[in-house]
Amino acid sequence: MSTALRPYAAVVRARFSVLLQYRAAALAGFLTQCWWGGIKVMVLTAFFTATAGAPMTLPQAIDYVWLGQALFTMLPWSGDPDVARMVRTGDVAYERLRPLDTYTFWYSRAVARRTANPALRAVPMLLTAGILFRLVGWSAYALRAPSGVEATLFFILSIALVVALSAAVSVLIDAITVATLSDRGATVLIAPLVIVLSGSLVPLPLFPDWMQPILRNQPFAGLMDTPFRIYSGHLAGGVAVLALGRQAFWVCALVILGRAVMRRVMSRLQTQGG
Amino acid sequence: MSHIIVEDLTKTFRVAERGDGPFGFLRRRKREVHALRSVSFSLREGELLGVIGPNGAGKSTTIKILCGILEPTSGRCEVGGLVPWRERIRHVARIGAVFGQRTQLWWDLPVADSFALLSDVYRVPPTEYRRAFDELVALLDLGRLLTTPVRQLSLGQRMRCEIAASMLHSPRVLFLDEPTIGLDAVAKLAVRDFVRVLNRDRGVTVILTTHDMHDVEALAERVIVIGHGQILADGTLASLRQNVLGERRLRIQFAEDVGDLAIPGTNLRQRSGRSVELSFDPRETPAHTLIAAIAARYDVEDVHVDEPPVDEVVARFYARHELEAR
Amino acid sequence: MNSLRLYGRYIATSIRSQRQYPTSLIMTSIGAFAATITDFIGIWALFARFRRLEGWGFGEVALLYGIVSVSFALADGLTRGFDVFGEQFVKTGDFDRLLVRPRSTVLQLLGYELRLTRIGRLGQGILAWGVGVHLSQMAGTATSWAILAFAVAGGIALFGGILLLQATLAFWTVESLELANTLTYGGVEAGQYPLDVYARWFRDFLVYVVPIGCISYFPVSVVLGRLPVMPYAFAPALGVAFLAVALRIWRFGVRRYTSTGS
Chain P
13 MSTALRPYAA VVRARFSVLL QYRAAALAGF LTQCWWGGIK VMVLTAFFTA TAGAPMTLPQ
73 AIDYVWLGQA LFTMLPWSGD PDVARMVRTG DVAYERLRPL DTYTFWYSRA VARRTANPAL
133 RAVPMLLTAG ILFRLVGWSA YALRAPSGVE ATLFFILSIA LVVALSAAVS VLIDAITVAT
193 LSDRGATVLI APLVIVLSGS LVPLPLFPDW MQPILRNQPF AGLMDTPFRI YSGHLAGGVA
253 VLALGRQAFW VCALVILGRA VMRRVMSRLQ TQGG
Chain B
92 MSHIIVEDLT KTFRVAERGD GPFGFLRRRK REVHALRSVS FSLREGELLG VIGPNGAGKS
152 TTIKILCGIL EPTSGRCEVG GLVPWRERIR HVARIGAVFG QRTQLWWDLP VADSFALLSD
212 VYRVPPTEYR RAFDELVALL DLGRLLTTPV RQLSLGQRMR CEIAASMLHS PRVLFLDEPT
272 IGLDAVAKLA VRDFVRVLNR DRGVTVILTT HDMHDVEALA ERVIVIGHGQ ILADGTLASL
332 RQNVLGERRL RIQFAEDVGD LAIPGTNLRQ RSGRSVELSF DPRETPAHTL IAAIAARYDV
392 EDVHVDEPPV DEVVARFYAR HELEAR
Chain E
-2 MNSLRLYGRY IATSIRSQRQ YPTSLIMTSI GAFAATITDF IGIWALFARF RRLEGWGFGE
58 VALLYGIVSV SFALADGLTR GFDVFGEQFV KTGDFDRLLV RPRSTVLQLL GYELRLTRIG
118 RLGQGILAWG VGVHLSQMAG TATSWAILAF AVAGGIALFG GILLLQATLA FWTVESLELA
178 NTLTYGGVEA GQYPLDVYAR WFRDFLVYVV PIGCISYFPV SVVLGRLPVM PYAFAPALGV
238 AFLAVALRIW RFGVRRYTST GS
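Line by line, the protein sequences are chains P, B and E. So for the first sequence, my numbering puts the first residue at 13; every next one is plus one. So for the second sequence, my numbering puts the first residue at 92; every next one is plus one. So for the third sequence, my numbering puts the first residue at -2; every next one is plus one.
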């Protein structure tokens, strides 16, 4: 491993070993995901069977729900709890004792958080919704395989962009937390926005048609909506490429924004102290 | 050549104060606080400097500037040829820092994992890390702590680990901000022994702030007293003593009842029965002359000559400079 | 001092201490409002798209949503002591302190804290309820309101019972307490929709095991004229029964704790 990347890789490893200490929490999380996903699937099934003309098919919506349950810990609905704790105790300045660029350091920590948790939680959820459901005869409620080879490749690419985007939002929340000396503002404002605008609450295509142009062009769509629609074939071909482009654009934009905010916050920290 | 140079360092904070009432956080007032006013000193490589002073005197501000996490308002500061806050990343890779009330270890991880993670953060080559690790574990007797998560360590155990953590990348300069705060007597001794080894045997330059004068007495050849953001004294502990409270204490246990004592050149401090404590100035009356004079007149059982306790010296010094002791 | 006055004393103390940090209180309440109203936005979006759900319109589902939200917000606000029981009482051994006092342990835990920030969730529940009353064909009679009030009472008992079971679980393990969230927050989620949408076995679970349907679906159906008053208006009594069972289990847990001394 190159020495340049070494600190950041170490952070990811550390995150996994911390998480593995909390297996009971993961089990509880898994059951909650099943319950939530089950309700959503049943509710959507009832809606879809009563009314025709929805902008996506029921199986596509069901895929969307299960993927959302499997990967919801990828959502940046809060900043880094370590940063919030450091802000409370006044230790943030001491982060500057590390011989690393603080943005990159925190970004790599965010990447660690946004991959370690989902990696642990996604597998049982996907196996349950994709295979177990079929075995017990709930095929109608089950998660399907990706809609094709192209969809699979694009989905993987899109998930990579989700991690990058989610980490960018997380670090932005961290920077705001340091700037406002509290993680409350960010959590109060950003968490509900992320949950609604990512599609985690209701698949974005099901929102009213007049809202679609707005929903398509906001950054949070790249956190769930884009990969999930690619997976089920709801977005394909040129439209899918365009959606990936939008995701990539928001990654760049939010990293640039985050770096700018971080630079200001850190220079103030450097003159004002923790 | 000086390893650490500090010249005319000043630091002014603008502090926002909350207004009153439930929405007070919306109305902030600004106030200027002068944390440092023209601080200058320099340090050779391998020196051990103790920095003392009451809370809020400017000790921590000085250390933070030297560590590169705080930028001064004006003045010059170099550590090993680098300006700490301007070349932060290069600078902090070469120093070690322990802040007594903060932790740099990962709360949920076993100590050994925290060490490994830090070696990655500081990009320590594996063989060098192995060597430093084994050495520190032996020196600080960490063997049994390595598999314990940090959250389960006692304060003394944690501090030993913190100091080891700050030395994994073999820095040439070590900053210790109140490293013995809250520790029990045994842990304090362990910390002092280790710092002494680092400084005397390895030649690591150490800057130590503390409230515990025994740390200074045990470790530092040189002491700086900071108060009101200024350096009030800079020299050996002995010279500080000389300036502030140069007297000696003579405790005598008489073998017989003595009446009124009138010994020239001394003041009576305490007396109970046959034991008496006198103070005298050794520059005017050397101790041996005094003892000889007393022994010639009375039947003496036992004699002790002491310096005043260092706490008393410092308290006197603070009082003279109208500093609030903590 | 009788129990009610003691409880009042506890609550007054709790309110006083929370008022020490008004900014935090206001911000957290707003946050709770924003976080919980998103669920209602989701329901609105689905109805804007599909219009009807198993014969239920938006206003009617809003009524269900309102009842469940209000019940849960009140129960959750009142029972902070149950919620933190494992962490703050069992792990630390502070439960012994409650046991040496000549008062019921449940009363002392209820008095631990009245969570004012739950006003955010309560507020959005009342808002949804208002939307429901406005848009649905609910009969605005005194009987209807009495039925709904009884539903909320039953709901508070039911959710209080679930939270009490969560606390009881702490006598055995402090690790898997998150499981209870499936029943509380998950129960709120399930109770927001008419039972008709669920599979048969899940519907039975929500009526006979954890009777969330009994405190929302049945009484709301009655005030909408879809189900007869007898016996469905009295369904929320099952919530109270659930609490009674939970209290029995709690006492069993306390006895076990005091006999093993662990």
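In short, the hints are calculated from the structure, not lab data. The reader is advised that the hints may include incorrect statements.
[As the list claims (entries may be wrong)] Pulled from the structure, derived: some chain B residues nowhere near chain P, Cβ distances all over 12 Å:
#: 1; residue: G137
#: 2; residue: E162
#: 3; residue: I186
#: 4; residue: A188
#: 5; residue: T194
#: 6; residue: D199
#: 7; residue: D204
#: 8; residue: D211
#: 9; residue: P240
#: 10; residue: H305
#: 11; residue: G326
#: 12; residue: L359
#: 13; residue: S370
#: 14; residue: D393
#: 15; residue: A406
[Stated by the list, open to error] To give an idea of the chain B side of the interface with chain P (calculated C-beta under 8 Å), a few residues:
#: 16; residue: G159
#: 17; residue: L173
#: 18; residue: R177
#: 19; residue: R179
#: 20; residue: A184
#: 21; residue: W197
#: 22; residue: R214
#: 23; residue: Y220
#: 24; residue: F224
#: 25; residue: L233
#: 26; residue: F345
#: 27; residue: V349
#: 28; residue: Y389
Backbone N, C-alpha and C fix where the C-beta goes; we use that ideal spot for every residue, glycine too.
Each hint, compared with the structure:
The Cβ of G137/B lies farther than 12 Å from every Cβ of chain P, with a closest approach of about 22 Å, so its non-interface assignment holds. Separation of E162/B from chain P is inadequate, the least Cβ-Cβ distance of about 5 Å not exceeding the 12 Å criterion. A cut-off of 12 Å between C-beta atoms contradicts the statement that I186/B is not in contact with chain P; the least separation is 8 Å. For A188/B, the non-interface assignment is contradicted: its Cβ lies about 5 Å from the closest Cβ of chain P, within the 12 Å cut-off.
A beta-carbon of chain P comes within 12 Å of the beta-carbon of T194/B; the shortest separation is about 8 Å. A beta-carbon of chain P comes within 12 Å of the beta-carbon of D199/B; the shortest separation is about 5 Å. At roughly 6 Å, the least C-beta separation between D204/B and chain P is not larger than 12 Å, which violates its mark as non-interface. Consistency note on D211/B: stated as away from chain P, yet its beta-carbon is not over 12 Å from all of that chain's, at 3 Å minimum.
A beta-carbon of chain P comes within 12 Å of the beta-carbon of P240/B; the shortest separation is about 8 Å. The claim that H305/B is not at the interface with chain P holds, since no C-beta of that chain comes within 12 Å of its own (minimum 27 Å). At the 12 Å boundary, the C-beta of G326/B stays outside the reach of chain P, the nearest C-beta of that chain being 29 Å off. At roughly 50 Å, the least C-beta separation between L359/B and chain P is larger than 12 Å, which holds for a residue marked as non-interface.
Once the 12 Å rule is applied to beta carbons, S370/B is consistent with being away from chain P; the minimum gap is 44 Å. Listed as a non-interface residue, D393/B keeps its Cβ farther than 12 Å from every Cβ of chain P; the least gap is roughly 52 Å. With 12 Å as the threshold on Cβ separation, the claim that A406/B sits away from chain P holds: the shortest Cβ distance comes to roughly 29 Å. At its closest, the beta carbon of G159/B sits 7 Å from a beta carbon of chain P; the interface hint therefore holds under the 8 Å criterion.
Below 8 Å, beta-carbon pairs count as interface contacts, and L173/B has none with chain P, the closest being about 12 Å; its hint is therefore violated. Taken as an interface hint, R177/B does not check out: its beta carbon lies about 10 Å from the nearest beta carbon of chain P, beyond 8 Å. Checking R179/B against chain P by beta carbon gives a least distance of about 6 Å; that is within 8 Å, so the hint holds. Checking A184/B against chain P: minimum C-beta separation of about 4 Å stays under 8 Å; hint holds.
Taking 8 Å as the C-beta contact cut-off toward chain P, the hint placing W197/B at the interface holds, the least distance being around 6 Å. Against a cut-off of 8 Å between C-beta atoms, the interface hint on R214/B holds, since the closest Cβ of chain P lies about 5 Å away. Using the Cβ-Cβ criterion of 8 Å, the hint placing Y220/B at the interface with chain P is not satisfied: the shortest such distance is roughly 11 Å. For F224/B, the shortest C-beta to C-beta distance to chain P is roughly 15 Å, which exceeds 8 Å, and the interface hint is violated.
The restraint placing L233/B at the interface with chain P is violated, with a minimum CB-CB distance near 19 Å, outside the 8 Å limit. The beta carbon of F345/B is not positioned within 8 Å of any beta carbon in chain P (closest approach about 57 Å), and the interface hint is therefore violated. Against a cut-off of 8 Å between C-beta atoms, the interface hint on V349/B is violated, since the closest Cβ of chain P lies about 59 Å away. Interface hint status for Y389/B: violated, as the beta-carbon distance to the closest one in chain P is roughly 60 Å, over 8 Å.
Violation of the numbered hints given earlier is confined to hints 2, 3, 4, 5, 6, 7, 8, 9, 17, 18, 23, 24, 25, 26, 27, 28; the remaining hints are satisfied by the structure.
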